[in-house]
Each structure stands twice: as structure tokens, then as C-alpha cells.
Amino acid sequence: MNELPDPLPNAALCILRPILLPAIVLMVACSAPPKAAETEAGAGLASSREPCLLEAPAGLGSIEAECGTFEVAEDSARPDGPRLALRYAVLPAVSRKVEPDALVVLAGGPGQAATETYPELVSALGDLNHQRDVLLLDQRGTGGSHPLRCSALASADNLEVPPLDELRRLSAECVAGLDVDPANFTTEAGARDLDELRQALGYRSLDLYGISYGTRMALEYARLFPERVRTMVLDGVVPPDWLLGPSAGRDAQRALDAIFARCAADEACAAAFPDPAGDLALILSRLDREAIEVHLEHPRTAQTVDLRVDRQVFASSLRLLSYSPETASLLPLLLHDAADTGDLRRLAALALTVSDQIESGFSTGLTYAVSCSEDVPFFPPDAADMGRGTYLGPRFIEGLQAVCEPWPKADVPASARQPLASDVPTLLLSGEADPVTPPANAAQVGKSLSDSRQVVAPGMGHGVVARGCIPDLVHRFVESASFDGLDLSCVDDIAAPPFFVDFTGPKP
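Sequence positions in the sequence shown follow this note's numbering and run -18 to 489.
None of these hints come from the bench; they were simulated from the model.
Note that the structure is a prediction, hence the values are computed from the model and not measured.
All residues carry an ideal CB built from backbone N, CA and C; glycine is no exception.
Treat the hints with care, as some may be off.
To be verified - Now the in silico label distances, taken between C-beta atoms and shown as ranges:
hint, residue 1, residue 2, range
1, Ala283, Glu36, 21 to 27 Å
2, Asp392, Glu248, 36 to 42 Å
3, Asp238, Asp324, 53 to 59 Å
4, Asp176, Lys488, 48 to 54 Å
5, Pro400, His456, 27 to 33 Å
6, Ala246, Asp160, 50 to 56 Å
7, Gly62, Asp432, 37 to 43 Å
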């Protein structure tokens, strides 16, 4: 019997998480290019590092590194004010010949930590560690860097979405419980922290790999410190002038339609499920009339969960399952089963598994510290209406706006919301069926990046660096900092996994 496919690793799972839907030893051989001079503070950082084990949430991977802490001012305008201790890790290059640049992994979310993200990506990015260090800094507000935990807004055991008034109350409770000013926890602040660490450790330049929200961080760092960026690889691209939220319904619907179209073009899937869109419409019409009470065993805790599934819970679950082609391969089957029997337990159990992976280690407060300053204040008046006519509907936007009402807002410079004009060699990665950051986002960013190329992985979802030939493309691109001789067409051979036609697996 085939097992259910593994959900996509955390690294690629988040832009705005489930409440609204559902990292040295400086090894430089004499023959190596010289690093920039390490500062006195950097030497102190190196001497204070200790061996550590970096672990991904939910047991999805681990790797040995050297970890330390790095202090920065909470508010850059008050350098003598309160300080933040930020966790960082370095994986020293394996080779005796060490390049002067370091690979930096910028995590998604916002709310995920780089030291927890990299263990999931080492199979795709690890070859770059042969001749260059890997540098990981938990963004302020995440992981080991003064994480902004908001248990009131986090829900690890279910997918339910509170009413709007309750969201406002829970958000205010979260803000009141923080011991820092969340307005100091912005993308710009995170980028400046990274460059302080770069200077202290003496790296001449950085190779930036960003995934999801991490692409926004990469673009912001390149805006602030252009001379310090050697290459960029942006995976699931968030343009600086693109708001996280208003297009969520439209993007989710486009991705689901692409999944349904792929089913229709697949003989076995089309025969088993001739009308997945009709199955979805039937389920939504039932949920519009009344919510369904679901009783199931939690896939992780094995405890009984009582879940009230209304349209929003169902839609959020569906969106989560669209992130990965492995879970997407189950959607026509799950929808047909639910439409035919009225039983939502199988779909809810898989959605709980994915949501649980996201929730583990996630800093909800950082999510809203960023979004409530950098996105929501700039929503158009009709932002919620943009979700009408999609399965996700307007509630996602309404919920995000409600959460942000009591949240302190940072001043965001207008330049941070302008397209980045740069000649930094940049590889743009997209999944054809990404429900969050569609390929059009990368194409938009590429217009102002004079030395960029985009690849779109057929049938893939959110985060594609580990797919097919892409790890080799990324390795060769970063090593050479050039597209010369790089054949990107191998991406066309990537194929999505076959659809499950029943609960034993795909058709043999």
C-alpha cells in the first residue's frame, strides 16, 4: 500500500500562517582569496561560538554547526538603548580553499528561523558549503533571536479561525504581553542586523538564498547594501512593491485551477474524478449552509480533536494542501470523497499535519510585526472584495486587517516599496502552481534586475529549490556568479507526482 505523500518542508510553507489560513570556524587556506578584515568584535564572536546541532521543526532534519549570539540595538535610533541577543550559526567550508563570500539563507514566513530552515534545505544547498561558509542568522523575532511568541494568536491543535472581534482581542492581548516594541521588528531592521554580522565576521560579500518572505529580505538587503551582494537566488518571489494579502484569494484559486487542469489532462485522474471543481462547489455550498463538526485523532498527538469546519476553515485547509505537489496530488481524491460522503476527516487530518509542521517553531508575533507595518496599511479599500469569487473568499483579508488594528506600526520608507534596480546576478525560481507567490511575481521583479533569469518548475508549488535539476543549477550559478553556459531548460523535465486515484495510491 502506498503511504500518503510527505507534506512540503516548513521552509517553503509560509507567507502568513495558519491563524488566518489555515547558522564556525573561519578556515582560510593561505592560497584562498583574502576575506575582508574581521573586526575585533568578530574575533570575539568566533571565540565564543560552540558546537551545536541545528534541527528543523517536526524532526525534518538536523545538521552540526557552530552557534553563537550577536548583540544589536533594539532600536537603531537609540544605540545606547535596550539590546537584543540574536542567534547565528556558521557551517565552515569543507574545502581548504575557502571563498571570501558566504552563503546566507533567509527564511520564510515571516516568522521562520534560518537556523531551523537550513537543515531542511541542506540536500539542495549543501554542495555550496564545500568552498564557502554558510552563515545563518535568526531574524530578530524568530528562533533564538528574541522570538515574538503569541500563544493567544497561535493555534497548534486545530485550524479554526476566531470571529473578527475575537481576533482583535487576541491581537491586543499578544501586543500587551510583548517585552519589546514590535515596530522595531521590520524587514529593514533584519537586513541591517545581517550586515552588522557580516562586517563583524569579515565576509567581503554574501550570496543570498531567500525563500518566500526571505526573498523580500534579500531584496531589501540588496537595496541597502548593493556592493555586498555577490549573487541572489530568490525562490517563491515576493516583490518589494507587492502586498502580502490582497491577491491571496486570486492566487490560491489560480493554483487550484491549475491542479484541476492537470487532473483533467491525466487519463487516470480524469476517469476517477471527472469534475473536481464540481465536487468543490458542492462542499462549499454545504458549508455555506452550516458548519460540519468533525471528530478525529490528531495525526501528531493521537489525541481526539473536535473541529468545527466552516467554509473558512475548509478553504484555509485547501490552500495549505495546495502548497506542495505531493499533497496536491491528493486533492481531487479528497474533494471527491468529501463531496460523496460528507466526511471531511481525511482532508482535515492532512491539513492538521501540514499546519502542525508550520506551527512548530513559528514566531507568530514576527508575522504580524512585519505584515501590520509593511503590508496591511497599504491595502486598497476594496482589498477584501478582491477575494470574492474565489474559494478563499474575503475572510482572509478581513481577519488580517482585524489582527492589525491594535498592532503598533513602524514607519516604512517609500524606497522599500519600490522595485529594486540592480545588476546583481539573480536566479529567480518559481513553481507553476504556487498558490502564494505565482510565477508572475518573479517576472515582475526580473524586469528591473538586468542580470536575471527566471525558471518555472512545471506542476510545482511553493518553494522549488530541491526539485529536479534545480539544486545543480543553483550550485553552478552561485559558484560562477554567471549564467554563461548554464542550461536552464533541464527544468522542463521536472514533473509533478501522479494523482492518487484511491487511498492506496496512484494508478499502477
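| field | 53 to 59 Å as the expected CB spacing between Asp324 and Asp238, which holds or is violated | value | Distance hint for Asp238, Asp324 is violated at roughly 25 Å.
| message | The hint says 50 to 56 Å between Ala246 and Asp160; measuring C-beta to C-beta, is that right? | response | 54 Å, holds
| said: Given the hint of 37 to 43 Å, is the C-beta distance from Gly62 to Asp432 inside that range or not? | reply: 40 Å, holds
| request: Starting from the hint 48 to 54 Å, judge whether the C-beta atoms of Asp176 and Lys488 obey it. | output: 53 Å, holds
| Between Asp392 and Glu248, is the Cβ distance one that fits in 36 to 42 Å? | Violated, since Asp392 and Glu248 (Cβ atoms, about 56 Å apart) do not stay within the stated range.
| query | Is 21 to 27 Å right for how far apart the beta carbons of Ala283 and Glu36 are? | reply | 22 Å, holds
| Cβ separation of Pro400 and His456, checked against the hinted range 27 to 33 Å | 28 Å, holds
In this structure, the hints that do not hold are numbers 2, 3, in rising order.
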